[in-house]
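> Note that the protein sequences, when read in sequence, are chains A and B. Using the numbering used here, the first residue of the first sequence is number 1, and each one after it goes up by one. Using the numbering used here, the first residue of the second sequence is number 1, and each one after it goes up by one.
It should be emphasised that the hints constitute simulated quantities derived from the structure, not laboratory data. A virtual CB, placed ideally from N, CA and C, is assigned to each residue, including glycine. One or more hints might be untrue.
No more than 30 Å apart at the CA atoms, straight line, and that leaves these computed lysine-lysine pairs for DSSO-like [stated by the list, open to error]:
1) A:Lys50 x A:Lys90
2) B:Lys48 x B:Lys29
3) A:Lys50 x A:Lys18
4) A:Lys50 x B:Lys48
5) A:Lys90 x A:Lys18
6) B:Lys48 x A:Lys18
7) A:Lys50 x A:Lys69
8) A:Lys69 x B:Lys48
9) B:Lys29 x A:Lys69
10) A:Lys69 x A:Lys18
Among chain B residues calculated to face chain A with C-beta under 8 Å, some are [said to hold, decoys possible]:
11) Ala25
12) Gln26
13) Leu61
14) Val62
15) Asn68
Computed Cβ-Cβ distance ranges for the label pairs, DEER-style [unchecked claim]:
16) A:Leu106 x B:Ala32: 47 to 55 Å
17) A:Gly64 x B:Asp5: 29 to 37 Å
18) A:Asp91 x B:Asn14: 18 to 26 Å
19) B:Leu6 x A:Val124: 47 to 55 Å
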Amino acid sequence: MMDEQLLSLVLFSGTDDKLNAAAVLTAGAAALGRPVHVFLQYWALDAFRKDRIDLDHGLAPEAGPEGRKAVDALRAAGQPSWAETMRQAKDLGEVEIQACSLSMDLLAIEESDLDPLVDGVEGVTAFYLATGNGQIVFI
Amino acid sequence: MTTHDLTATVDARNLSCPMPIVRTAQQMKTIASGQLIEVLATDPGSLKDFSAWTRSTGNTLVEQTQENGVFHFIIRRA
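Could you build all of it, start to finish, from the sequences and the hints given here?
Printed below as a string of structure tokens:
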């Protein structure tokens with residue numbers, strides 16, 4: 001697949017702010033009809049465990065107490081969680097979410113531990129093949 | 001403001017980016033080509049987002065107005 005419209009996102013960080021930034025990019029691309037391929041590594045993969053996906057995953061260190069307050073205010077105003085935004089993006093467009101097989105081993109995660117948002121498990125080679133010569137964004 | 005024959009309304013007031021566009025794109029799938037949709041949004045990015053989104057998707061931004069901090073868009077499905 002060599003789709004020049006394809007957006008490839010590598011999610012590494014597992015804090016709610018970075019996952020939300022990724023979900024916003026995903027939903028925006030889906031709304032424009034652009035296919036999105038998401039590759040979950042490390043702490044981002046951990047956050048997609050079905051028993052943890054709706055929990056509080058904290059914020060990046062630079063958020064500080066003021067950042068925490070700002071994020072809480074947005075949620076209180078009815079802004080959906082990153083997981084909900086990802087669900088809507090998948091309903092809307094062509095969004096594929098794959099777990100990194102190395103990270104699965106590292107964190108001792110089985111495919112059955114993951115939220116249904118995750119479509120499957122792949123290695124980095126399969127990820128590169130899907131990406132083609134397209135751009136990769138790392139969050 | 002002229003009166004339009006609207007098929008659906010998306011109330012995206014108080015929702016942040018990208019929800020106004022996501023809700024609109026979802027609703028757009030449910031209407032037929034040529035039909036009109038109305039969108040209410042308060043996200044300040046909406047002005048540029050709806051202009052870019054309609055251009056990219058081929059839908060037509062028929063009208064855009066702003067009143068008391070609420071953006072009002074009328075879009076025709078391609």
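> Does each hint hold? Answer for all of them.
Consistency of the hints with the structure:
1. For the hint pairing A:Lys50 with A:Lys90, the CA-to-CA distance comes to about 17 Å; that is within 30 Å, so the pair holds.
2. For the suggested pair B:Lys48 and B:Lys29, the alpha carbons sit about 22 Å apart, so the restraint of at most 30 Å is met.
3. Restraint check for A:Lys50 and A:Lys18: the C-alpha separation of about 19 Å stays at or below 30 Å, so the hint holds.
4. A distance of roughly 36 Å separates the Cα atoms of A:Lys50 and B:Lys48; the hinted pair therefore is violated under the 30 Å criterion.
5. Between the alpha carbons of A:Lys90 and A:Lys18 the distance comes to roughly 18 Å, so the proposed pair stays at or under 30 Å and holds.
6. Among the hinted pairs, B:Lys48 with A:Lys18 is consistent with the structure: their alpha-carbon atoms are about 24 Å apart, no more than 30 Å.
7. With a C-alpha separation of about 26 Å, the suggested pair A:Lys50 and A:Lys69 falls inside the 30 Å cut-off, and the hint holds.
8. Between A:Lys69 and B:Lys48 the alpha-carbon distance is near 28 Å, which keeps this suggested pair within the 30 Å criterion.
9. About 36 Å separates the Cα atoms of B:Lys29 and A:Lys69, which puts this hinted pair outside 30 Å; it is violated.
10. Taking the CA atoms of A:Lys69 and A:Lys18, the gap is about 16 Å. The hint holds against a cut of 30 Å.
11. Of the supplied interface hints, the one on B:Ala25 holds, with its beta-carbon coming within about 4 Å of a beta-carbon of chain A, less than 8 Å.
12. For the restraint placing B:Gln26 at the interface with chain A, the shortest Cβ-Cβ distance is roughly 6 Å, inside the 8 Å limit, so the hint holds.
13. With 8 Å as the threshold, the beta carbon of B:Leu61 stays out of range of chain A, its nearest partner Cβ sitting at about 15 Å, so the hint is violated.
14. A least Cβ separation of about 19 Å between B:Val62 and chain A goes past the 8 Å threshold, and the interface hint is therefore violated.
15. This hint is violated: B:Asn68 has a C-beta 18 Å from the nearest C-beta of chain A, more than the 8 Å allowed.
16. Between A:Leu106 and B:Ala32 the beta carbons are some 50 Å apart, a value that agrees with the proposed interval 47 to 55 Å.
17. A:Gly64 and B:Asp5 have their C-beta atoms about 51 Å apart, which leaves the hinted 29 to 37 Å range violated.
18. Separation of A:Asp91 from B:Asn14 is about 21 Å and conforms to the stated range, judged on CB atoms against 18 to 26 Å.
19. The given range of 47 to 55 Å is respected by B:Leu6 and A:Val124, whose C-beta atoms sit roughly 49 Å from each other.
In this structure, the earlier hints numbered 4, 9, 13, 14, 15 and 17 are contradicted, and the remaining ones agree with it.
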